[in-house]
Amino acid sequence: MAREMMFAEAIAVAITEEMQRDPSVVFYGQNMAMTDRDPFVRKFGKDRVRITPISETAEMGIAIGAAMNGLRPIVELYMAEFMLVAFDEVINEAPRLRYMSGGQVKVPCVFKAGFGFAAGWAGQHSNCTYHAMMGIPGLKVAVPSTSADAMGLMRAAIRDDNPVVYLHHYMLTIDKGPVPEGEHIVPFGVADIKREGTDVTIVATAWMVKKSLAAAEQLAKEGVSAEVVDPRTLAPLDIDTIVESVKKTGRLVLVDQAPRHASAAAVIAGEVAEHGFEYLKAPIKMVTALNTSVPYSEPMESYVLPSEEKIVSAVKSVLARHAAAV
Amino acid sequence: MAASSELGKDKLTWMYTQMCRIREFEERVKRTFVEHPGVIRGHAHLGDGAEASIVGSLATRHENDLVMPSYRCHGYPLVLGTSAKAVMAEIYQRKTGVCKGFGGSMHLADPAHHLPTASGIIGQGIAHAAGAAYAAQVKKTGQVVYSFFGDGSSKQGAFYETLNMAAVWKLPVVFVLENNEYQAYTHIKLEDANAIAGDPLSQKAKAFSIPGATVDGTDPLKVYDAVNEAAERARAGKGPSLIESKFYRFSPHGNAITVPPVPTQFQEHEAIEVYGNKAEFAAAQANDPIKKFRAHLIGAGVVTEADAKKIEDFVRTEMDEVVKFALESPLPAPEDALNYVYA
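If you're matching them up, the sequences are chains A and B in order. Here the numbering used here is used: position 91 in the first sequence is 91, and no number is missing along the way. Here the numbering used here is used: position 68 in the second sequence is 68, and no number is missing along the way.
Because the hints were derived from the structure by calculation, they are not lab data. Note that the structure is a prediction, hence the values are computed from the model and not measured. Where is the CB? At the ideal position from N, CA and C, for every residue including glycine. A hint or two may mislead.
[Stated by the list, open to error] The calculated label-pair distances, taken between Cβ atoms and stated as ranges, are:
hint	chain 1	residue 1	chain 2	residue 2	range
1	A	E309	B	A343	36 to 46 Å
2	A	D240	B	V34	47 to 57 Å
3	A	S302	B	D336	49 to 59 Å
4	A	P53	B	A283	36 to 46 Å
[Stated by the list, open to error] Some chain B residues flagged as far from chain A (calculated, every beta-carbon gap over 10 Å):
hint	residue
5	G8
6	A193
7	I196
8	S209
9	P263
10	A279
11	F281
12	A306
13	A308
Full structure from sequences and hints, please.
Here it is in structure tokens:
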């Protein structure tokens, strides 16, 4: 039995249920828990649910220290870009401390933030920052695309003994989807095939999964069977499932909202080039943001970001390449 | 803990012994660069001159209190009970090191002895200490967390953000600002608004409406009293305090930064090397905290000259063995590098 839930609701339910299950889970951030009427404050009290000043370094640094002394903090950072003002804590503290201590400490904490807000938020609040985090050993990065994954990955993030950056896409916030009953957990490092197909593999994350599924639907009407693979976590990255899919389809289109040269797509392309080259019947095609900051005005914003049409066109180009080669 | 005036012979002797151990340890680290070039890689930062401040602070601890120092971190684990051999072996890149060769001089960690980690990035450990204090508060462990950092750190955003949040949350943490007058190579009069105005750095506490005190960091008993008051306040749930402990570091910021194969050693202190101020350095040496505490203990009849010599001989012998152990210890296997990336 599955229940229908909004994406954001699935995340909130996961946090609530994990806080009920484990008293060491705490949850804090800016502009939350402001009154005693706050649902989290009512359930868990002001020790475990707190409001913070606008101090990302302290918020995340405190989470790291608290994690080393027995808590499992979730820091609500709202927008992924706000982590940038305190990137030392994300990149050079949380994931380094266990390693530098020779395995003596662990740092179980979740840095939760929205990203990719393609709704007129312009250059500083619409970005995809995961590229800077997915290559940091010791750090995990989750990027759910459905309500079920949003819940399951949040549960897994909270239970993980390592620092996790949990990125939820703003454009998915009010999307509804089925969520399995019970303690639904999605393990990290396991890609999900969102749609099976035989002619081409499309790999996408978060909002781009939605666009890729729409593109696949359109392609199906034209007789093209596209498989859509969602890695769900960028670190660890399930390359095996992607290569297996490419083995079946022989063609790969990578869809990523980030600009090309700092995209997850570029990393996946490199892995497939090394581990799946023999299965490729056409060159890999990347559909990414154009090489600009995200512009404010709607026509320009749409122009620079990947779209359903761009994905369809990329799929057709790799199929055509095959036809020409044969 | 009792006031310093009530400390007995055992505790005072222990304090003197720990001060001597830190000094001798740091001397051995420094000598290693000359006697065994290449054994210590990267950057090492010494705490000679900080002995009274470190020991006076840590003497106020209760059993489970945590300590989070900066990257200038050799002294604290020695006092907390970490094997000095394991600390030196870590600095010597050995598998027997306290972090198995993964961290080195700047990142000593020994959670079993209440030192979770030391961050090498200036000021960031301040936030980690407050976080450990937040955990202590939520879990009601009764722990106080001792956060040590330099005067340079007090210009970092992490310092301001963390002290504000620690004050708002009334966290059980004591912030010990170790003012050794030099931010790496830069004299404090060139970069600190309070210092330039002739004010104590403890004045920064006013910005967070928490107690701030400046103490003579070359006198372990004065440090003890100031930190003890702050720790008891924290333990009583009244929140953090800022203690400015003023002392002088006798060594330069770190060993000279060179590119291999050019060897590296400790040069003259910045006072001489950079600023040509020999008088300042000589005055600091005349105010050596170990010599002063030794004279005080003998003068007060706590120890005799012979007792003091015995302690000093004991410490020298200990550190002979520490260096021998570290030198003879094996290096890690290359593939050990793949451990501990994830928990």
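These are the hints, each one checked on the structure:
no.: 1; hint: A:E309 to B:A343: 36 to 46 Å; in the structure: 44 Å, holds
no.: 2; hint: A:D240 to B:V34: 47 to 57 Å; in the structure: 53 Å, holds
no.: 3; hint: A:S302 to B:D336: 49 to 59 Å; in the structure: 51 Å, holds
no.: 4; hint: A:P53 to B:A283: 36 to 46 Å; in the structure: 42 Å, holds
no.: 5; hint: G8; in the structure: 32 Å, holds
no.: 6; hint: A193; in the structure: 20 Å, holds
no.: 7; hint: I196; in the structure: 25 Å, holds
no.: 8; hint: S209; in the structure: 14 Å, holds
no.: 9; hint: P263; in the structure: 25 Å, holds
no.: 10; hint: A279; in the structure: 38 Å, holds
no.: 11; hint: F281; in the structure: 33 Å, holds
no.: 12; hint: A306; in the structure: 41 Å, holds
no.: 13; hint: A308; in the structure: 36 Å, holds
Figure legend: structure checked against the earlier numbered hints; every hint is met.
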